[in-house]
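*Asks:* As a plain string of letters, each chain reads:
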Amino acid sequence: MIGLTAGFADPVQDAQRCFRSVLDAMSRPGRIATVAGVAPPAPLCVASAAVLLTLIDHETTFWLDPAAGAANAWIAFHCGAPSADMPRDAAFAFSLGLADLTRFNAGNHEGPETSATIVVQLPSLTGGAPLRLSGPGLKDSATIAPLGLPADFPAIWRRNRGLFPAGIDLILCAGNTLAALPRTVQVEEA
Amino acid sequence: MYVTVKGGEKAIDAAHAWLAEERRGDRSVPELSIDQIAEQLGRSVDRVMGEGSCYDRGLAALAIKQSQGDLIEAAFLLRAYRTTLPRFAHSLPVNTSAMRAERRISAIFKDLPGGQILGPTYDYTHRLLDFALAAGGPVPQVPVAEPDGAVLPRVPDILGREGLLEPDVSSDAVPGDLTREPLMFPAGRDVRLQALARGDEGFLLALGYSTQRGYGGSHPFAGEIRMGEVAVEIEPAELGFAIDIGDIVVTECQMVNQFKGSKTVPAQFTRGYGLVFGFSERKAMAMALVDRAMRAAELGEELTAPAQNVEFVLYHSDNIEATGFTEHLKLPHYVDFQSELQNVRRMREAAE
Amino acid sequence: MTEGYNFAYLDEQTKRMIRRALLKAVAIPGHQVPFGSREMPLPYGWGTGGIQVTASILGTNDVLKVIDQGADDTTNAVSIRRFFARTADVATTTHTADATVIQTRHRIPEKTLRDNQIIVYQVPQPEPLYRLESSRVETRRMHGLADYGLMHVKLYEDVARFGQISISYDYPVLVNQRYLMSPSPIPAFDNPKMDRMPALQLFGAGREKRIYAIPPWTAVRSLDFDDHPFRAINASEPCGLCGATDSYLDEVVIDDRGGRLFVCSDTDHCAERRAAGHIGKDGFAEAAE
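Residue numbers (my numbering), protein chains in the order written: chain A, 1 to 190; chain B, 1 to 352; chain C, 1 to 289.
Worth double-checking, as some hints may not be accurate.
[As the list claims (entries may be wrong)] Label-pair ranges, simulated between beta-carbon atoms:
(1) C/Gly258 with B/Arg87: 57 to 63 Å
(2) B/Arg87 with C/Asn61: 53 to 59 Å
(3) B/Asp172 with C/Val137: 26 to 32 Å
(4) B/Glu302 with A/Ala67: 56 to 62 Å
(5) B/Arg87 with C/Asp255: 54 to 60 Å
[As the list claims (entries may be wrong)] When the alpha-carbon atoms are kept at most 16 Å apart in a straight line, the in silico EDC-like pairs for lysine to aspartate or glutamate are as follows:
(6) A/Lys139 with C/Asp98
(7) B/Lys65 with B/Glu102
(8) C/Lys111 with C/Asp98
(9) C/Lys154 with C/Glu133
(10) B/Lys10 with C/Asp73
(11) A/Lys139 with C/Asp73
No lab work stands behind these hints, which were simulated from the structure alone. For each residue, glycine too, the CB sits at the ideal point set by N, CA and C.
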């Protein structure tokens, strides 16, 4: 594949490090981790590319935001994930900015783990409107101020949280940083 | 003064050394070669390949040697090895109609196109210990005939043409794979058959037998049993056509079962299917009986027997899982036992 | 490292599958996530779930501790620690405080775990309802509906018959006020340690093909009744070697005349205390390691 940038320089160790960052982020909502090890294709940032390399493969159906279509060949080559025709068919998804969560599979009460995980790429994980987070993973509460989420995000998230134990999980990526919002986290305007 | 026990590591090393010594046995007796096992303990090799889910006679023979002939241990060795292998491709369904059969019998027709072929069977041997074998005498000459090239139509197809047997519905759906995805319910027949093919021969034999004794009776007839070589083909996406990657020996059993019909389905015969690596006729037959029993719900039959309980059968047929969990009782449980001990003491105090 | 095998034994495809399951498990605290458990070179029932989880998270910077019954030198713990030393060339330790990943069977260390540690439990039977309802199709439905009446009835019957809840290990817990969960066969003594633990808790059941998790600081409640509150059981005397009164004790038979000695089940905890100069009635002064 001519013209594609490489994947992880060290596929085994880089994927392990990235996974631990994602696991740490999912376990402690709002905690910001940094990742490295990949030269991403436009328009993906380092963190988005690393997360996709780490988590998706030919066993995961994947939906790519059409606005990020330029990265399609790179993802197909390095991950081999079959593309989902519709968002609701995807186990993993990538969107530039927050996608409409209601279009994705939230799983059901007997199989809540079948819900989609969406990698949401934002301009920055700091500098936006501060959000106060609480719930499992947090001793008290945490604050995160991602830039580029819609103003009514707390209300959108409340609806997602209301589906529990079903629900969508988000991995927020910006530059070489990432944070996660599991379905359990409560989000309020700080 | 009490000193805590240490030295688990040394004990393990010593146990392994002892095991190797015992495995070799008396050094004045020649050591078994892998070839000898593969050639002369073929039925053991077949069983290990089947329950180990890996078709490789040499590796299965090695596993049998390594496990001192403990076939469940050998199947476990083979399974643990196979999980580390990359998957390059998935085979197309093997075509058993095109089998180069070494054995083909039907219990439901006296004669049929292609004829009855007994093949290398123990069926009509008298079970008398052969002391000549102990002496290592010469093997009698086998009469050899030229292959007649006769086509061997599958007996169920013969019945099917008359509409007396339920049709075999072909499907292009990708079959499930229990070695990649966990068992979930309701489990499709593809997954059920995979579990049975990997399942413990003894367990399936007992379950199949139970259906014959009235626990979910399904009135079986051995429609056809055939054993022989089939070609394995893959179709790489970049080629777009199938290529033959080798031959394997399989045993196939088609049980034909009486069925009185239901409100929606006319009276006809139904199928139970068994397909196993190697020459494993007992296993293939038991598999076919249990497969049919597990179709009870689909055919609107009353569920009364263990063999019809899909969840029960599938969760308990795997001898690698069963042996591990049964034998794990050997591991230290003294923390749990201590808590039970304190609990029983407390309850006795409370009762006094 | 063992030639011919990938880092930490599992192939990358398998690790990705397990990693995806782990993330979902963390996102749904206490829910059993089915996963494509692989055959491991150790038997099912001997820690294959814990091993697959550990293999999927372990990196070159980790320091691994493996315990069985609280002890680092029990044969199965030794065997598993060796497996990772061989396949991942990972540093190992017996000191709870020095470990980044702790794989355990049947105990939680006495020392409070930290935010930057992960504890991986080996789980023989992930379904907390299995003694009450053997069909996993049924229990899955019950979890979906949070219908745990069966368990409450069982506990109530215990109280009615014995005057107390008779479960002494694998004592069921409710995670984040939603999922009934098996804590694995740890003594009930350890249950309170799970509640709002700063460390991430991961659970692997290889034979039963389930993974589940408790994120840090998550509420974990041992089921009980207001008039019969949860009560942990332990021997009622101090450790004979280090004199500890707050650790879980093993009972050692020292003669055939009824002689008993109670010692810490957590061998690292006991050794550390003895090295710090604590001596129990059957102990003796030891030089610090």
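*Asks:* All hints are to be evaluated individually against the structure, with a verdict given for each.
*Replies:* Here is what the structure says about each hint:
Checking the proposed 57 to 63 Å range against C/Gly258 and B/Arg87 shows it holds: the Cβ atoms sit about 60 Å from each other. A hinted range of 53 to 59 Å is violated for the C-beta pair B/Arg87 and C/Asn61, which are about 31 Å apart. The hinted window of 26 to 32 Å between B/Asp172 and C/Val137 holds, with their beta carbons roughly 28 Å apart. The beta-carbon spacing between B/Glu302 and A/Ala67, approximately 57 Å, falls within the hinted interval of 56 to 62 Å.
A hinted range of 54 to 60 Å holds for the C-beta pair B/Arg87 and C/Asp255, which are about 58 Å apart. Restraint check for A/Lys139 and C/Asp98: the C-alpha separation of about 23 Å exceeds 16 Å, so the hint is violated. At roughly 27 Å between alpha-carbon atoms, B/Lys65 and B/Glu102 are farther apart than 16 Å, so this suggested pair is violated. With a CA separation close to 11 Å, the supplied pair C/Lys111 and C/Asp98 stays within the 16 Å bound.
With a C-alpha separation of about 12 Å, the suggested pairing of C/Lys154 with C/Glu133 holds against the 16 Å cut-off. Between B/Lys10 and C/Asp73 the alpha-carbon distance is near 11 Å, which keeps this suggested pair within the 16 Å criterion. Taking the CA atoms of A/Lys139 and C/Asp73, the gap is near 34 Å; set against the 16 Å cutoff, the hint is violated.
The structure is inconsistent with the numbered hints 2, 6, 7 and 11, although it conforms to all the rest.
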